[in-house]
Amino acid sequence: MSAVEAGWWPAWAQAVPSESVTVTAGGPRRFTRPALGNWADLAAGLASARTALSGLTTDRVVAAFDEMSRRWTDSGFEHRRRAIHDIAAATGFSCESVAQSLDLEMGNYRADPLRRLILRELGSTEVLDEFVDDPLLAGRTRCMGPRLTVVSLSGNVPGLPALSIVRAVLARSAVVAKVAAGEPTFLAHLVRSMVDIEPAIADAVVVTYWGHNETSHRRAAIEHADAVIAYGGEEACAAIRRELTPSHRYVEHGHKISVGVVSAQYLRAEGSAEVAARIANDVSTFDQLACIAPQAYIVEGDPASVARFAPEVAAAMERYATRHPAAARDDELWATLRWAQLCDVWQESVDPLRSARSGRALSWQVVVDAGLDRVEASHRVVRLVPVTSLDGARALLAPYARYLQNVGLGVTESEAPAAMSWIAELGASRISSPGRMSSPSVIWRHDGLSCLAALVRWCDVEMHAPARAAMS
Amino acid sequence: MRRMSRRWLDELEADMAAVILGDGGRRLGVAGRLDELSEATLPGITRYWARVGRHVGVPCEAFRGESLFHDVEPPVRSFSTSGTTGSRRGAARYSQRGMRLLELTIRTGAAALFDGLDEPIVLRLVPTAADAPQMVMAFGMELISDTFGAADLSAALLTRDGVDVASLCARLDTAQASARPVVFMGATTAFANVLDALAADHLAWDLPPGSRMVDAGGSKGARREVTPDSLRVQAHRLLGIDSSHCTNLYGMTELAGQLYDANPEAVVYTGERAKASRTGISAEVLSAETLAAAGDGRGLLQVRDFAIIDRPHHVLTGDLAIATPAGPAVVGRVARSMARGCSLHLDAITATSIGRVA
Chain G
1 MSAVEAGWWP
11 AWAQAVPSES
21 VTVTAGGPRR
31 FTRPALGNWA
41 DLAAGLASAR
51 TALSGLTTDR
61 VVAAFDEMSR
71 RWTDSGFEHR
81 RRAIHDIAAA
91 TGFSCESVAQ
101 SLDLEMGNYR
111 ADPLRRLILR
121 ELGSTEVLDE
131 FVDDPLLAGR
141 TRCMGPRLTV
151 VSLSGNVPGL
161 PALSIVRAVL
171 ARSAVVAKVA
181 AGEPTFLAHL
191 VRSMVDIEPA
201 IADAVVVTYW
211 GHNETSHRRA
221 AIEHADAVIA
231 YGGEEACAAI
241 RRELTPSHRY
251 VEHGHKISVG
261 VVSAQYLRAE
271 GSAEVAARIA
281 NDVSTFDQLA
291 CIAPQAYIVE
301 GDPASVARFA
311 PEVAAAMERY
321 ATRHPAAARD
331 DELWATLRWA
341 QLCDVWQESV
351 DPLRSARSGR
361 ALSWQVVVDA
371 GLDRVEASHR
381 VVRLVPVTSL
391 DGARALLAPY
401 ARYLQNVGLG
411 VTESEAPAAM
421 SWIAELGASR
431 ISSPGRMSSP
441 SVIWRHDGLS
451 CLAALVRWCD
461 VEMHAPARAA
471 MS
Chain Z
1001 MRRMSRRWLD
1011 ELEADMAAVI
1021 LGDGGRRLGV
1031 AGRLDELSEA
1041 TLPGITRYWA
1051 RVGRHVGVPC
1061 EAFRGESLFH
1071 DVEPPVRSFS
1081 TSGTTGSRRG
1091 AARYSQRGMR
1101 LLELTIRTGA
1111 AALFDGLDEP
1121 IVLRLVPTAA
1131 DAPQMVMAFG
1141 MELISDTFGA
1151 ADLSAALLTR
1161 DGVDVASLCA
1171 RLDTAQASAR
1181 PVVFMGATTA
1191 FANVLDALAA
1201 DHLAWDLPPG
1211 SRMVDAGGSK
1221 GARREVTPDS
1231 LRVQAHRLLG
1241 IDSSHCTNLY
1251 GMTELAGQLY
1261 DANPEAVVYT
1271 GERAKASRTG
1281 ISAEVLSAET
1291 LAAAGDGRGL
1301 LQVRDFAIID
1311 RPHHVLTGDL
1321 AIATPAGPAV
1331 VGRVARSMAR
1341 GCSLHLDAIT
1351 ATSIGRVA
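Sequence lines, in order, name chains G and Z. Positions 1 to 472 (the numbering used here) are the ones given, in order, by the first sequence. Positions 1001 to 1358 (the numbering used here) are the ones given, in order, by the second sequence.
None of these hints come from the bench; they were simulated from the model. Note that CB positions come from ideal geometry on N, CA and C, so glycine has one too. Treat the hints with care, as some may be off.
Said to hold, decoys possible - Part of the chain Z face toward chain G, derived, beta carbon under 7 Å:
#1 G1044
#2 R1051
#3 P1059
#4 E1061
#5 A1062
#6 L1168
#7 C1169
#8 L1203
#9 E1289
#10 G1297
#11 L1300
Next comes chain G alone, as it looks inside the complex:
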């Protein structure tokens, strides 16, 4: 089978001496990248492309992403249909699940949330275009994005790679995106779709690939960049950090964990069937592979009451799986899911306080467990862990605080302030209601970071009469 081109190499880059690299993901996928000695040529071309990008106003860039978002959430959009086909082939996800993921991800980039993002992180929607008044400074200020940002992606969550590209381009940075081997296909479709919307954006982005051990290409790419955005596990991120110099801006999204916490009062107030449906939604979206998906729900109540709740969660998981089938299983995934199930069935057999349920073809698993230490599965496997009080949830989560990201918090109004306080104190960067864990806004400070602000450099004008005179 011959490899199909899966990267994005702008027309102007044809002049850059290049080579091909092939990734196998649902078939061979070919990526073009500069020959090792020609990264400087690519960087020079991207610098020219960035000049054109810098000429666009923020309003125009936002409008382009708004149009991109509108098109990509239209089920008939050709680029979307091709992407769904390729992502499903590369990952084994069902087309329905991929479509749902793209709806969630791509719906984020409408004009209103993007303007709110810029306003929240930079204080002004014009500050990327020109100097603006800064009353606190008694002067004027503006910010500049990086000339070139390297985005190193990992994982296989459909549509997620758009996020960092959008942030970098909002900052008017050219981008070299290194796709993930697990899902290498989406990003080129996205950038290709921008040719018709705003070609200056498509011209300023290269989508390519280098392997984890291809340190020379990684080093060369980073050497020509001002900023690096990295996704990945501890080892992968550490390898990238080793290539950085003090002048690099760096945003890291390491692997994280997320959980849900539900109080007894909330369960009663909202109704157990409704809460079960919310849990099923949180767990099943992205097949639980995204860091925002909970691996466990801590439920306030005695073990017997949580055991009675488990069948409702199981029923909700089944309903979700009917609408959005789970990813296809290869031998290795089957083995892992079955192993997890058999271990849980054993625990259930020897401990009456535990229980393990699963769907047909292991499309989901719901386990009542005594703690979090056995949590090691994804692909729609959720543990319900009883605690006698919300303080018990805090103690359970404490060992994982460093990695805690997203908490689905189901509590009443009177319980919320204290719970939100200790969850924030532990280290979580996002709290949402159960059922909304899988749809964070683009405005969220991803992993607790101001990801757009982290890319820009500021120039303040103060103690300067002409600048003061220009203030409105």
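Position chain Z relative to chain G; hints supplied.
Relative to chain G, chain Z alone:
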């Protein structure tokens, strides 16, 4: 709970010993009585089999943090799991009767390794059993050495300070000078480290014909990637041991017996070989999708061990294996291999944060 009589247990032990020594005709009956013993003493196992079927072994996770023990006769010895088969350490306890069967199966299984050798020098890259009383590998390799090796020339070379390289070199010199073959045994990772060290010091021997290497445990916890092929290449280059005389041993603390390479043919590109079953211990690959025996492809490895009388003798190992006509080839652990997104497993975090081996 039904109590088994002394006579019942004596007869069972005798039949188990016969199976270990090669009487395949008694396997079915012995397996049934061992399952009966487990059901009589561990009520949970009946519930487990009711859910998954009696042909499915007990997952080795059952040993995590606890000891699964029939408790029919008092324990006299306990071995600790390494923690690599589950992040919490577990224990395998043995009664006096269980120890007799353990020793019998170790000796019986190892006998073929010593075919054609008369009291070779047995060098073990493990501590002595006295120094590591809870390590079953130290116990087993010492037993093998005492049974088959030259008492005055054999040794355990792993001390509290690491490998005794001076002693190792002296013994290899002796073997080369006296033309007495060496059987070199130890954990795969220990071999990798020792061979790296010898290579770094430009040390090499051409050991006498018949010398062989027996590594155990695979590359779990290795400082670098160790494939069977790379280990054999180094053994040939630095010790003069031919690849056909290198044997990998599959064992785990939860088992009593060991499985050895069926033949020198690699099944996987990295050099993994099929493991041979024998009457006393047999392995099969279960299709993870159907839980039926897999004719080919990858699946879950389970082992039926006729030397285990103190706990369930049918163990689902948590290893991923490929079914081949010559037997299963083990290709890695199952658990914790499924993360492909950006979420992190809680167990992996705690394993790292409190210094356990993940």
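Taking the hints in turn, this is what the structure says about them:
1. The criterion of a C-beta within 7 Å of any C-beta in chain G is met by G1044(Z), whose closest approach is roughly 4 Å, and the hint holds.
2. Interface restraint check for R1051(Z): the shortest CB-CB distance to chain G comes to about 5 Å, inside 7 Å, so the restraint holds.
3. For P1059(Z), the interface hint holds, the least distance from its beta-carbon to any beta-carbon of chain G being 5 Å, beneath 7 Å.
4. Nearest Cβ of chain G to the Cβ of E1061(Z): about 4 Å, under the 7 Å cut. The hint holds.
5. Hint on A1062(Z) holds. Least Cβ distance to chain G is approximately 5 Å, under the 7 Å limit.
6. At its closest, the beta carbon of L1168(Z) sits 33 Å from a beta carbon of chain G; the interface hint therefore is violated under the 7 Å criterion.
7. For the restraint placing C1169(Z) at the interface with chain G, the shortest Cβ-Cβ distance is roughly 35 Å, beyond the 7 Å limit, so the hint is violated.
8. Given the 7 Å rule on beta carbons, the hint for L1203(Z) is violated: about 30 Å separates it from the nearest Cβ of chain G.
9. Nearest Cβ of chain G to the Cβ of E1289(Z): about 5 Å, under the 7 Å cut. The hint holds.
10. Interface hint at G1297(Z): satisfied, since its Cβ lies 6 Å from the closest Cβ of chain G, which is below the 7 Å cut-off.
11. Interface hint status for L1300(Z): upheld, as the beta-carbon distance to the closest one in chain G is roughly 6 Å, under 7 Å.
Hints 6, 7 and 8, counting from the list given before, are not met by this structure.
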